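Residue-level listing of the chains:
Number of protein chains: 2
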Amino acid sequence: MPDKPTLCRVHFSPDDRAAEVERGETVLAAAQKAGIYISSLCGGDGICGKCRVIVRSGDIQSKPTTLLDRDEIRRNYVLACQTTVQGDLEIEIPPETRLEEGQILGDEDAERFGMLSLVEAAGFPHNPVVRKYHLKLEPPSLQSPLAGHERLYQAILEHEPDANLQTGFAVLRDFNRILTATGYEVTATIGRRGATTEVVQVEPGDTSASNLGLAIDIGTTTLVVQLVDLVGARIVDSEAKYNSQMKHGEDYIRRIMYAEQHNALDAMQRLIIADLNELIEILVRRNSIRVSDITCAVVAGNTAMIHFFIGLDPTGIRKEPYVPVANSIPPLRAAQVGLHINPRGILYTLPSVAAYVGADITGGAVAIRLDEQTDLSLFIDVGTNGEVVLGNKDWMVTCSASAGPAFEGVGVEYGMRAARGAIERVRITPDFGVLVQTIGNRAPRGICGSGLLDLLAEMFRAGILARNARFDASCPARRLVRRDGNLEFVIVPKDQSAVGEAIVITQADVSNLIRSKAAIYAAIATLVKAVNVKIDDIRHIYLAGGFGNYLDVRNAITLGLLPDVPPERIHFVGNTAVAGARAALLSEEALARIERVARMMTYIDLMTNPKYMEEFVSANFIPHTDVERFPSVAGPRTGTAGSG
Amino acid sequence: MPDKPTLCRVHFSPDDRAAEVERGETVLAAAQKAGIYISSLCGGDGICGKCRVIVRSGDIQSKPTTLLDRDEIRRNYVLACQTTVQGDLEIEIPPETRLEEGQILGDEDAERFGMLSLVEAAGFPHNPVVRKYHLKLEPPSLQSPLAGHERLYQAILEHEPDANLQTGFAVLRDFNRILTATGYEVTATIGRRGATTEVVQVEPGDTSASNLGLAIDIGTTTLVVQLVDLVGARIVDSEAKYNSQMKHGEDYIRRIMYAEQHNALDAMQRLIIADLNELIEILVRRNSIRVSDITCAVVAGNTAMIHFFIGLDPTGIRKEPYVPVANSIPPLRAAQVGLHINPRGILYTLPSVAAYVGADITGGAVAIRLDEQTDLSLFIDVGTNGEVVLGNKDWMVTCSASAGPAFEGVGVEYGMRAARGAIERVRITPDFGVLVQTIGNRAPRGICGSGLLDLLAEMFRAGILARNARFDASCPARRLVRRDGNLEFVIVPKDQSAVGEAIVITQADVSNLIRSKAAIYAAIATLVKAVNVKIDDIRHIYLAGGFGNYLDVRNAITLGLLPDVPPERIHFVGNTAVAGARAALLSEEALARIERVARMMTYIDLMTNPKYMEEFVSANFIPHTDVERFPSVAGPRTGTAGSG
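Heads up: the protein sequence lines correspond to chains A and B, in order. Sequential numbering from 534 applies to the first sequence in our numbering. Sequential numbering from 534 applies to the second sequence in our numbering.
Since the hints were derived computationally from the structure, they do not count as laboratory data. All values derive from a computational prediction rather than experimental measurement. Do not take every clue at face value.
With a Cα cut of at most 30 angstroms, we get these calculated DSS-like pairs of lysine-lysine [said to hold, decoys possible]:
hint, chain 1, residue 1, chain 2, residue 2
1, B, K926, B, K1144
2, A, K566, A, K774
3, A, K669, B, K852
4, A, K596, A, K566
5, B, K669, A, K852
Interface residues of chain A toward chain B, partial, derived using beta-carbon atoms under 8 angstroms [unchecked claim]:
hint, residue
6, L675
7, E853
8, P854
9, A887
If you want the footprint, here are the derived chain B segments under chain A, 3+ residues with CB under 8 angstroms [claimed, not checked]:
hint, region
10, 680-689
11, 727-740
12, 839-849
13, 1131-1142
Backbone N, C-alpha and C define an ideal beta-carbon position, used for all residues, glycine too.
Start from the sequences, fold in the hints, and give me the full structure.
And the structure:
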């Protein structure tokens, strides 16, 4: 029998993109080659069940899996990572598998969350890290024979008498030609580099009105780039996209392993840089600006993402004793990492505290002015890890809990990120009917973090979920049904759903979510005990993260995610990482404050803390094993009344 | 008639080197192409008469010149720059035209002049600008999870608690691999860059015993590179060569014009860099060292040479208002100018004061500890320009006089640089016999600066020269002869000379030398008057420059080059520029002192100073028009007695 052709063509719909791959390659690899991003939490290990695709025609081989049910198998569903190409294929990517651009926190969102006012009203002096001065120098004469370089310094020092000025080689070789060609009227761009202030560029004439910077948040899932007018102190535009690294694993520990196993540190860096440059290009074109006017960028992100971005080996982050290469990255030239801004533009990276408390947290803490608070305050950023900071202007303790990505929609059967078609608000009526609101008012495709939080709290109030976070089989709700012997709750029936089937939440989903909230609550409780204060001493709680655009803080308390304090003390603050980067862009003092916060934060390791495990176990109830801690939370409306 | 071949082969003896050039090219260009350096003061304008060569065979065209006499023309002498190649040629380069490696001030010379003791005993703390620390770091653990970068900083800060540490991109990406591979035992090299201290490199193990630097003096004529052991604070080796830019003019004003006219700034820079790299390679090979162990270089030189070296446009130096691009060059990476040391090595350039007072003077002033003197002191560096500094620890004034290169052997018929065969000492016996001593005890080829100084003073004492610096025709000396009606003095008769003819000094030569000494004396006198002090207030006079190895300071007074102070106040200090660079290499404090001296020096422009011209005219006598200023100088031994 002759060999089948070695190269096979794999065509994907509805994208209408194709790739040629060798026979034996996985369908996941073929999709990556075709430039299609498929949801893949486990990075191709066949354990997350996210990469479900439909084989329309062609020859495949597929490993057995428990992650597809009999009905799905009949409809030709396979896991793309567990299926090899054996001939030309037609593959359909169902909506739930698609990595679609989400509803990402941009500037409108920042405004909506009051972030602009938080930052711009934060009392940071308006003093951008990179500044332009229009200088009219006196030309040299016999009476005033000062050299060009010293003449330039003298003029800059009139604006900043205390600066330790430095000039790089390229500017040194170039500035005098510009001085003489323009009759000594130039614009000098200067920026802080540690203890010195660098002359970044010298331009002819007066360009001082046009000085732009980028505030960048490198999230594990989402990259956000905001274009900021450093003169007017306003956001010009904002753009975001998914992190292309996601094809190598949805959490960063898997990506670190991928980079190690495939010697792919450089490749992983290039993915981030290419993503950012794509966003920058969109911003530059859309706003008709000159790349050379972007003189700086400030980057926030978790420690692992910062390592990938700079090209530092992240291995230490995932291995005991969990030590990064660097927490503080010195200011670099943006061109050194390949960022397409002014070739001499400066790249500032906000400092991290530890392997699991990154630049997103230090920047966020200053963005919400935690370092100005005289009152005890709590800052929580919920993501795949839940980072918690407790403190005030004098001290801060911080820790990171492995919350898991359930509130990001991962590990939940119909979970999804806060993208169009995601259910973001849920209300259960007294007769157990369900009202949902989706992002973009689309037909529902799944449910995102804020929707899941609402759903769990509402199911608890309605008596569908018991205190132990199990479905109450005795509840008369019609939507509480059994499938394969297990109870599940139908959020959206098949005929109203966009995915051709009912959108449900299973007991396993609920358990994942409860473990997430328990991890975060336990982290909070452990910190509070570690510094010997009481929950009620906490005057402000700031909740940040990618839940979606609206979060019901009352429901967060009901669920036991947040401690039971008066709701007016709780503020949902959106993407504080990019707000921190923006604050640093606009104010040297903010950057200095972020650096100070990074030094003052005391890191408490939860993995080696026995108290944390006790707290975690106790928190696996709604709201908590110890109901005394949640006096305001009533029990289910039906069934026995709550004790509080 | 057929055209002659377009390409002609020009062969040079005794070098046995050849070049092919187009017909019509000059013989000077052919020599340059063949890699032979021919003496050429005027840069090819046909006015200095230095590029004399002999046409052995072949077809040439030569412009008429008054710079060759009939006898020379008969012997087929031509001026290489005024002669074009018309066919294949055989050219002989006579000894006097050859640019031969000289007797250049190296380390032995420094020792001989007490420079080592001057610098090393100068009380500079031994604290090299670039330092190595052997660090044994505690590896990270759960109890001590400090990140690698911060761990490294912590260890360095134990040595230097006040440092503002910075790390460059290359080191940042590399150091952690080295830390972990070596079990956290490394050597960190750090160096000052302005207000920050940079981590220059991190090496495995302990390399702290091997840290080398280069002290470089870029002279208009001579380049000196000293290899310095920064740990042992000693000179390892030294090498020197002529500046290859000399083929484009012997003084730097001509070279600046050449660079402008031929758009040759980059080419001029490359010549210096190639010369320095050649010297570095010799030093590296001869001492079997690793290039990577050379972690820094400190460069001194006049302002024009520094501009060429860095690649800054020197045009402003030669044009009113005589303003350089930069007096202070920030620390650069040596690789940025192409210097072949450690690729991350730092290049420090000593600061200049003005277009005509350069880094050789600021470095030299600190090398001789002028900035520590409580007494009034005078520092004179005699070269093509004569730079003078007057002052003490509290103030300094400086100026530069266009002395001309006569004391460097240029503009004097048998003048030459302090190279082998140069007459360096001269004594005239009572019966008008002449005793000479040559460098290397070779047959005399010409006479260098120290020899010329001796010769003039001795001719004056012997009554051969009158006070007005004219030959005294009534003097009975047999060696005072007439040629073409003009008096000249025979120093070495033809049969004892290495150049096939008598070595003489003409009235024109004497006049050039007297103008040089007058320019320097007038500069001294102008400075003294400008600050309203008296000559006798000057407690120390330091005379630096390329006169040769021995200089009779008494003769310098007799001639009126130096003011009439007790000879014990006068010190001949050799090459102070390279001594200044070496002091900065070995001591951050010395570098800081040089920077302070550059700021504190007040520059006085002589060109716009009417007093200077008066002084210059008065100084065109031996020792001076006003003999009252030189009470110790007796008149000629013969003839009427001096006024005493």
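Hints and how they fare:
Note on K926/B and K1144/B: the hinted pairing holds, with a Cα-Cα distance of about 26 angstroms set against a maximum of 30 angstroms. For the hint linking K566/A to K774/A, the alpha-carbon distance of about 19 angstroms falls within 30 angstroms, and the restraint holds. This hinted pair checks out: K669/A and K852/B have alpha carbons roughly 22 angstroms apart, not beyond 30 angstroms. Restraint check: the Cα-Cα separation between K596/A and K566/A comes to about 21 angstroms, which is no more than 30 angstroms; the hinted pair holds.
With a C-alpha separation of about 22 angstroms, the suggested pair K669/B and K852/A falls inside the 30 angstroms cut-off, and the hint holds. Here the hint on L675/A is kept, as its CB sits about 5 angstroms from the closest CB of chain B, short of 8 angstroms. Taking 8 angstroms as the C-beta contact cut-off toward chain B, the hint placing E853/A at the interface holds, the least distance being around 7 angstroms. For P854/A, the interface hint holds, since its Cβ comes within 8 angstroms of a Cβ in chain B; the closest pair sits about 5 angstroms apart.
Taken as an interface hint, A887/A checks out: its beta carbon lies about 6 angstroms from the nearest beta carbon of chain B, inside 8 angstroms. Chain A is given as covering the region 680-689 of chain B, and this holds because 4 residues of the stretch bring a CB closer than 8 angstroms to a CB of that chain, at least three being needed. Counting residues of the region 727-740 of chain B whose CB lies closer than 8 angstroms to any CB of chain A gives 3, which reaches the minimum of 3, so the coverage claim holds. Three residues within the 8 angstroms Cβ limit are the bar, and the region 839-849 of chain B against chain A gives 5, so the coverage statement holds.
Coverage of the region 1131-1142 of chain B by chain A holds in this model, with 3 residues showing a Cβ closer than 8 angstroms to a Cβ of that chain against a need of three.
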